[in-house]
Amino acid sequence: MKKRTESTGSEANKMGRRKFLGNSSAAFLGMGVTGISTLKAMENQPVGMHSSDHSGLFQERGFEAMVQKAIQYKKIDAHNHTGNFPDMIESMDRVGIQWAAISDLQGKNTPENFRKSNDVVLKAVKQYPGRFLGKCRINPGYTKEALEEIDRCVDQGMVMLGELYDEYKANDPVYYPIIERCIDHKVPILIHSANILGLWREGYPKVGSSINTSIADHFVDIGKRYPEALIICGHIGGGGDWEYVCRVLRNAPTVYLDTSGSVSDEGMIDMAVEHLGVDRLLFATDVNYETGVGKIMSANLTEKERKKIFFENFNNLLKPAGNHVN
Amino acid sequence: MLIDINSYIGHWPFRPLRGNTLEDLLQRMDEFGVDKSIVANINGIFYKDAQGANEELDKMVKSKTIFQDRFIPFATINPVLPWWEESLNTCHQNGMKGIRIYPIYHEYDILDPRCIELVKAARDLKMPVSIPLRMIDLRQRSWLDVNSVLDLNHIASLVKQVPDAQYMVLDMRVGSGRASTAESLDILKIADILFDTVRASGVPTTGYNGESLKGMMDTYGPEKIAFGTETPFTDYCTPFIRVAVFNEADAGVKEKIYSGNVRRMLRL
Numbered sequence: 001m002k003k004r005t006e007s008t009g010s011e012a013n014k015m016g017r018r019k020f021l022g023n024s025s026a027a028f029l030g031m032g033v034t035g036i037s038t039l040k041a042m043e044n045q046p047v048g049m050h051s052s053d054h055s056g057l058f059q060e061r062g063f064e065a066m067v068q069k070a071i072q073y074k075k076i077d078a079h080n081h082t083g084n085f086p087d088m089i090e091s092m093d094r095v096g097i098q099w100a101a102i103s104d105l106q107g108k109n110t111p112e113n114f115r116k117s118n119d120v121v122l123k124a125v126k127q128y129p130g131r132f133l134g135k136c137r138i139n140p141g142y143t144k145e146a147l148e149e150i151d152r153c154v155d156q157g158m159v160m161l162g163e164l165y166d167e168y169k170a171n172d173p174v175y176y177p178i179i180e181r182c183i184d185h186k187v188p189i190l191i192h193s194a195n196i197l198g199l200w201r202e203g204y205p206k207v208g209s210s211i212n213t214s215i216a217d218h219f220v221d222i223g224k225r226y227p228e229a230l231i232i233c234g235h236i237g238g239g240g241d242w243e244y245v246c247r248v249l250r251n252a253p254t255v256y257l258d259t260s261g262s263v264s265d266e267g268m269i270d271m272a273v274e275h276l277g278v279d280r281l282l283f284a285t286d287v288n289y290e291t292g293v294g295k296i297m298s299a300n301l302t303e304k305e306r307k308k309i310f311f312e313n314f315n316n317l318l319k320p321a322g323n324h325v326n
Numbered sequence: 001m002l003i004d005i006n007s008y009i010g011h012w013p014f015r016p017l018r019g020n021t022l023e024d025l026l027q028r029m030d031e032f033g034v035d036k037s038i039v040a041n042i043n044g045i046f047y048k049d050a051q052g053a054n055e056e057l058d059k060m061v062k063s064k065t066i067f068q069d070r071f072i073p074f075a076t077i078n079p080v081l082p083w084w085e086e087s088l089n090t091c092h093q094n095g096m097k098g099i100r101i102y103p104i105y106h107e108y109d110i111l112d113p114r115c116i117e118l119v120k121a122a123r124d125l126k127m128p129v130s131i132p133l134r135m136i137d138l139r140q141r142s143w144l145d146v147n148s149v150l151d152l153n154h155i156a157s158l159v160k161q162v163p164d165a166q167y168m169v170l171d172m173r174v175g176s177g178r179a180s181t182a183e184s185l186d187i188l189k190i191a192d193i194l195f196d197t198v199r200a201s202g203v204p205t206t207g208y209n210g211e212s213l214k215g216m217m218d219t220y221g222p223e224k225i226a227f228g229t230e231t232p233f234t235d236y237c238t239p240f241i242r243v244a245v246f247n248e249a250d251a252g253v254k255e256k257i258y259s260g261n262v263r264r265m266l267r268l
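If you read the sequences in order, they're chains A and B. The numbers in the numbering used here rise by one with no breaks, and the one at position 183 of the first sequence is 183. The numbers in the numbering used here rise by one with no breaks, and the one at position 107 of the second sequence is 107.
Chain A extracted, bound-state conformation (with noise of 0.2 Å):
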């Protein structure tokens, strides 16, 4: 399988990066190369907001540091979608993300659909060398042509599957072959998931989720039964109960979890942390970049432990099959 360079991503967001700098001050930018050597310095060290390292000082615009920091960190995005691309990478290049995992989840799910997706998704992978890691949709409904359509996506260079969506529950005996099929690749397979409390216990709104929507109860179900297999969770800010999340996915050892989502409630990053341990945790948007940044910069982690989740864990998953980025 190929091996991705990622000098062209790096080039352009170094652009971003100068324009966003290009908005700021002269004193922001020494910041940026003090904040550098602090990086190396705190390698163990928590820096998030309830770390112990707080002057206690007033700082003039302080928060000017923490965004340029926020950007430095090498970033892979493992869960976003295809869109207005051109936007997408300026979107990506302000918050400092090189590549991003993307499907395409326009239309009915059926066969012809998910071919077209994906199709969308190879084009722009092309079209955009260096920033964009193309994931294959399919309906695990539709075996034959799901299992053609992963054969096909992965030898056209797609590194993983998903976002699989609310068709069928992640333990559906639908999905055995298709994650079997995974395992065969060595692929990832992220599917979609909300904890909504009408979908844990009866009576209660589902709010805008379809009842065949994964919850946390289900990954842990298919990860039993596959613990070779790479399953993600999908976005633990996605909407619904997080701390649900975190306390179910305890009995999940081998699922890992993406923290995208327009939910960036403070906490959240920590508790996941604190359940799952850092390793299972992976940087994702779904296109939320901002609070997809944020919510990490906000954790008490270590600068080890957000680089990890920044960058490592997931590329670490597309090593297997040989898509990892350098």
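Treat the hints loosely; a few may be bogus.
Computed cross-link-like contacts, DSSO-like style, restricted to lysine-lysine with a CA-CA straight-line distance of at most 30 Å [what the hints assert, rightly or not]:
hint: 1; chain 1: A; residue 1: K206; chain 2: A; residue 2: K224
hint: 2; chain 1: A; residue 1: K186; chain 2: A; residue 2: K206
hint: 3; chain 1: A; residue 1: K74; chain 2: B; residue 2: K254
hint: 4; chain 1: B; residue 1: K160; chain 2: B; residue 2: K59
hint: 5; chain 1: A; residue 1: K74; chain 2: B; residue 2: K214
hint: 6; chain 1: A; residue 1: K144; chain 2: A; residue 2: K186
Computed, partial: chain B to chain A, Cβ under 10 Å [said to hold, decoys possible]:
hint: 7; residue: G33
hint: 8; residue: V34
hint: 9; residue: D35
hint: 10; residue: N153
If you want the ones that stay clear, here's a sample from chain A, every Cβ over 12 Å from chain B, calculated [as the list claims (entries may be wrong)]:
hint: 11; residue: E112
hint: 12; residue: R115
hint: 13; residue: K123
hint: 14; residue: G141
hint: 15; residue: L147
hint: 16; residue: Y176
hint: 17; residue: E180
hint: 18; residue: N195
hint: 19; residue: N212
hint: 20; residue: R225
hint: 21; residue: N251
hint: 22; residue: P253
hint: 23; residue: F311
hint: 24; residue: N326
Since the hints were made in silico from the structure, they are not lab data. Even for Gly, the Cβ is constructed at its ideal location relative to N, Cα and C.
Given chain A's structure and the hints, the job is docking chain B onto it.
Frame of chain A; chain B shown alone:
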């Protein structure tokens, strides 16, 4: 100068919060360079008599000189309580600069005559009325929590009744909570109103909820946008990143967002 128009202290009954004291909030403000924060006491949502929460906040703010310099306390007023007017006047005399109302949590219609009277009274005292569209994302609500949110049509309907009051819309939703009628939009455009930035994205591509700082600016103008964090509910980094990467705003517009607009409203 940087002013946060949307912060809280106090307890939330449905999950633990951190950074929810004046001491903690001040530490954050120092680190991030926030000069002042408008702060209300969450407990006022849940106490039967919200005035108890206002008294707690008043005592806390007055316990240290630096708190008085850095915090702008807003009173929580529940107009359903027969003594709301007395509470409002007490808070005003104690130096509180504005009010927060919670029609859904306090179970009254935003057009309830008592609410309209409260807003008129706040107007007469030159106290802005701040209204959170919601406190949580309903997708993650507790079974004990409320099950609806306000939108900008609700806000516009209140503004229509008291057009000369001053308003702050918190947890501003420009996606699902947008003003969906031309009348609402027209009312909000000419109102003396500020929308906070906590939910709006500064990058060109917006997510599921469709929030966009550029959309807010294009719709309502830069004079109606003010920086807010919604701390301690939302992580304290995201709101800063949103505005920092909003490259479509020049330095002058950012100054208005960071403090200029709210300084004008509060006459600071």
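Original post:
With d taken as the least Cβ-Cβ distance between R115/A and chain B, does d exceed 12 Å?
Top reply: The assertion about R115/A holds, with a minimum of 25 Å to chain B.
Original post:
Would you say F311/A is clear of chain B, with no C-beta pair closer than or equal to 12 Å?
Top reply: F311/A is indeed farther than 12 Å from all Cβ atoms of chain B, at 18 Å.
Original post:
Are all beta-carbon distances from L147/A to chain B longer than 12 Å?
Top reply: holds, 30 Å
Original post:
Is the Cβ of Y176/A farther than 12 Å from every Cβ of chain B?
Top reply: holds, 29 Å
Original post:
For N212/A, is the shortest beta carbon distance to chain B beyond 12 Å?
Top reply: At about 16 Å from chain B, N212/A clears the 12 Å cut-off, so the statement holds.
**OP:** Take a quick look at whether K186/A and K206/A sit within 30 Å of each other, Cα to Cα.
**Re:** Roughly 34 Å between the alpha carbons, so the hint for K186/A and K206/A is violated.
**OP:** With a cut-off of 30 Å on the C-alpha distance, tell me whether K74/A and K214/B pass.
**Re:** holds, 27 Å
**OP:** Could you grab the alpha-carbon distance between K144/A and K186/A and see if it respects the 30 Å cut-off?
**Re:** holds, 19 Å
Original post:
Against chain B, does R225/A keep a CB gap of more than 12 Å to every residue?
Top reply: About 28 Å separates R225/A from the closest Cβ of chain B, which puts it past 12 Å; holds.
**OP:** Take a quick look at N326/A and tell me if its Cβ sits farther than 12 Å from every Cβ on chain B, holds or violated.
**Re:** holds, 25 Å
Subject >> Non-interface claim for P253/A versus chain B (Cβ beyond 12 Å) >> reply: Non-interface label on P253/A holds, nearest chain B Cβ at 24 Å vs cutoff 12 Å.
**OP:** With 12 Å as the threshold, tell me whether E112/A passes as away from chain B on beta-carbon distances.
**Re:** holds, 26 Å
Hints 2, 4, 10, 18 from the list above are not met by this structure, while the remaining hints are.
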